[in-house]
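S.K.: Sequence:
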Amino acid sequence: MALLAVGMAGNRVFVRPFLKKQQDKLFDGGELASLLSQSLLTWGVLMPVIGAIALPSLKPWSLRFGIPAIFTAFATLHFLSGSFDYHKDDCQGSPLTNVCRVFVASFYKKSEQFPSDSNQFYKKGDESCQSFSGTRFLRCLEKAAIVLPDTEREDQVKNRWQLCSVEEVEEAKIAVRMIPMWLTFIICGIVSSVGSTYFVEQASHMNCKLGNWKVPLQILLLLSRGTQWGFSSLAVRFLRFLSRSQKYAPPIMGIAIAMIFSILCCITAAAIEKWRLNVIRSHGLLDKPGEDIPMSVYWLLFQFFLLAGLDSFLKKSAAALYKDQASKSMRNYLRYFTEGVSGLGFMFSVLSVYVVGKVSEKGGETNWFQYTLSRSRLDRYYWVLAALCSVNLVVFILVASSYRFKNREARQDVEDG
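Under my numbering, the first residue of the sequence shown carries the number 1, and numbering increases by one thereafter.
Hint data in this document are derived by calculation from the structure and do not stem from the laboratory.
Positions of the beta carbon are idealized from the N, C-alpha and C atoms, including for glycine.
Please note: incorrect hints may appear among the correct ones.
[Said to hold, decoys possible] Computed spacing ranges between beta-carbons, pair by pair: (1) Phe405 <-> Trp213: 50 to 60 Å; (2) Lys274 <-> Met347: 19 to 29 Å; (3) His87 <-> Glu152: 38 to 48 Å; (4) Met347 <-> Asn159: 13 to 23 Å; (5) Asn11 <-> Leu286: 35 to 45 Å; (6) Lys362 <-> Gly230: 42 to 52 Å; (7) Gly230 <-> Ser118: 29 to 39 Å; (8) Asn11 <-> Gln370: 32 to 42 Å.
[To be verified] The calculated SDA-like cross-link candidates involving lysine to any residue, where the alpha carbons are at most 25 Å apart (straight line), are: (9) Lys315 <-> Ile179; (10) Lys214 <-> Gly284; (11) Lys59 <-> Asp287; (12) Lys209 <-> Lys274; (13) Lys323 <-> Ser402; (14) Lys158 <-> Gln218; (15) Lys315 <-> Arg225; (16) Lys21 <-> Ala75; (17) Lys209 <-> Ser296; (18) Lys315 <-> Gln218; (19) Lys362 <-> Arg380; (20) Lys362 <-> Thr372; (21) Lys328 <-> Pro180; (22) Lys209 <-> Pro289; (23) Lys274 <-> Ile260; (24) Lys209 <-> Gly290; (25) Lys123 <-> Gly51; (26) Lys158 <-> Pro95; (27) Lys21 <-> Gly82; (28) Lys110 <-> Arg177; (29) Lys59 <-> Pro289; (30) Lys209 <-> Gly51; (31) Lys288 <-> Ala270; (32) Lys158 <-> Arg225; (33) Lys323 <-> Phe405; (34) Lys123 <-> Asp155; (35) Lys362 <-> Tyr198; (36) Lys214 <-> Tyr198; (37) Lys328 <-> Leu138; (38) Lys274 <-> Lys328.
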């Protein structure tokens, strides 16, 4: 699982910008580059669909894992064969490195006094930010921009880890200020992870028939993904509608709605799981985990539907929030910040199962998580997640209400959504 996570993270972060750079360099934009991009997108959608339908029909797990491993090895060798022909750009640094530089420089100058003259702060000639913000949040970091009087200015500028510009300090302060809001997304990531684990496991032994046709489970999962795309369009329209009024912060409203979706999703999942367990007991299937359950799998569509709302509204609203509040140099990294924080939720989901299971054992009670879902009590776990999501929503509202927003610039960004 750890290797899979590292591989997926590397692909998500680097593949898309790398391919775009190669297309732009090779074809100089134009219709040919657009045609190639559409072709890659088509194959990128078709191949996973074909694999998702074909691979489950293979019984041995060695083949299920072996075939993707062979294709991945071939793709890696093919990629490496062109290493000397790729167009490469010079390293330009990272905004995250600048944030670290600000902390190092401010610690280095922790004993310095704030100058009375603003000209003693280092400002680049082309900076749009020529003074510190009026909020004066985290003033200790502003010491990173102090130009020391007893050292040549040029020498200090060359040492980038001991002197930062005013704009770089402001960018670091904005990043630190957004951390509490980022942390509230972890619970949403935990709920999202349930959709690809327990939801799928619940559906695997339920009645998938639509009339006389047994619908493959992969088709239902693709329909869930299509619902998420539809919700993405709805989220953009919703944010556009809210952005017409100056009284509301559209991204904040969208994130709050996503968290409400997470609460409703967990409550719905708990109710349906309770019903599923009752059906299992009434038909004597408690110790027959391989038998199909006489309950339609389409009852699970409600929780998949709500989960799609959570993922779509959170993704679009978080992107709009970052575009509005973060500095321009950090906007290229915003999508990765969102996915990274949500990814932490996927990792914490494993921890949450372990902790909830241990707590449920206290007093000599049976652990809620057994070797089969029929013997487990997922409904109670879903209720715990619903409670966590409710607390998380309250915390988010408190954090958002105390957050000092920049002047609203997200209207155009939402429209570009």
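S.K.: Next step is simple, just say for each hint if it's right about the structure.
M.R.: Hints and how they fare:
As the Cβ distance of Phe405 to Trp213 is approximately 52 Å, the hint placing it in 50 to 60 Å holds. A hinted range of 19 to 29 Å holds for the C-beta pair Lys274 and Met347, which are about 28 Å apart. At about 39 Å, the beta-carbon gap between His87 and Glu152 stays in the expected band of 38 to 48 Å. For Met347 and Asn159, the Cβ-Cβ distance of about 37 Å falls outside the hinted range of 13 to 23 Å, so the restraint is violated.
Restraint check, Asn11 to Leu286: a C-beta distance of roughly 42 Å satisfies the suggested window 35 to 45 Å. Between Lys362 and Gly230 the Cβ separation comes to about 43 Å, which falls inside the hinted range of 42 to 52 Å. Gly230 and Ser118 have their C-beta atoms about 51 Å apart, which leaves the hinted 29 to 39 Å range violated. With their beta carbons about 35 Å apart, Asn11 and Gln370 fall inside the hinted range of 32 to 42 Å.
Taking the CA atoms of Lys315 and Ile179, the gap is about 17 Å. The hint holds against a cut of 25 Å. Distance restraint check for Lys214 and Gly284: the Cα-Cα separation of roughly 24 Å lies within the 25 Å cut-off, and the hinted pair is therefore satisfied. As the CA atoms of Lys59 and Asp287 are separated by approximately 23 Å, the hinted pair is consistent with the 25 Å bound. The suggested pairing of Lys209 with Lys274 holds, with an alpha-carbon distance near 22 Å, which does not exceed 25 Å.
Pair hint Lys323 plus Ser402 holds up; C-alpha atoms about 19 Å apart against a cutoff of 25 Å. With a CA separation close to 57 Å, the supplied pair Lys158 and Gln218 exceeds the 25 Å bound. In summary, the hint linking Lys315 to Arg225 is supported, as the alpha carbons are separated by about 14 Å, within the 25 Å threshold. Using a Cα cut-off of 25 Å, the hinted pair Lys21 and Ala75 holds, with the two alpha carbons roughly 19 Å apart.
Between Lys209 and Ser296, the direct Cα distance comes to roughly 8 Å. Compliance with the 25 Å bound is thereby established for this hinted pair. Restraint check: the Cα-Cα separation between Lys315 and Gln218 comes to about 24 Å, which is no more than 25 Å; the hinted pair holds. Taking the CA atoms of Lys362 and Arg380, the gap is about 15 Å. The hint holds against a cut of 25 Å. Proximity of Lys362 to Thr372 is assessed by CA-CA distance (about 21 Å); at most 25 Å being required, the pair is judged to hold.
Proximity of Lys328 to Pro180 is assessed by CA-CA distance (about 21 Å); at most 25 Å being required, the pair is judged to hold. Distance check on the hinted pair: Lys209 and Pro289 sit about 19 Å apart at the alpha-carbon level, within 25 Å; holds. Taking the CA atoms of Lys274 and Ile260, the gap is near 21 Å; set against the 25 Å cutoff, the hint holds. For the proposed pair Lys209 and Gly290, the alpha carbon gap of about 17 Å is at most 25 Å, so the pair holds.
A distance of roughly 55 Å separates the Cα atoms of Lys123 and Gly51; the hinted pair therefore is violated under the 25 Å criterion. At most 25 Å may separate the alpha-carbon atoms for a hinted pair to count; Lys158 and Pro95 meet this at roughly 18 Å. Our distance criterion of 25 Å between C-alpha atoms is met by Lys21 and Gly82, whose separation comes to about 15 Å. Simply put, Lys110 and Arg177 have alpha-carbon atoms about 20 Å apart, close enough for the 25 Å limit, and the pair holds.
The hinted pair formed by Lys59 and Pro289 meets the criterion: a straight-line CA distance of about 18 Å does not exceed 25 Å. For the hint pairing Lys209 with Gly51, the CA-to-CA distance comes to about 22 Å; that is within 25 Å, so the pair holds. Restraint check for Lys288 and Ala270: the C-alpha separation of about 22 Å stays at or below 25 Å, so the hint holds. With a CA separation close to 50 Å, the supplied pair Lys158 and Arg225 exceeds the 25 Å bound.
Of the supplied pair hints, the one linking Lys323 and Phe405 holds, its CA atoms being roughly 12 Å apart against a limit of 25 Å. Restraint check for Lys123 and Asp155: satisfied, since their Cα atoms lie roughly 15 Å apart, inside the 25 Å limit. Distance check on the hinted pair: Lys362 and Tyr198 sit about 24 Å apart at the alpha-carbon level, within 25 Å; holds. At roughly 21 Å between alpha-carbon atoms, Lys214 and Tyr198 fall within 25 Å of each other, so this suggested pair holds.
Proximity of Lys328 to Leu138 is assessed by CA-CA distance (about 20 Å); at most 25 Å being required, the pair is judged to hold. For the hint pairing Lys274 with Lys328, the CA-to-CA distance comes to about 49 Å; that exceeds 25 Å, so the pair is violated.
The structure does not agree with the numbered hints 4, 7, 14, 25, 32 and 38 stated previously, though it agrees with the rest.
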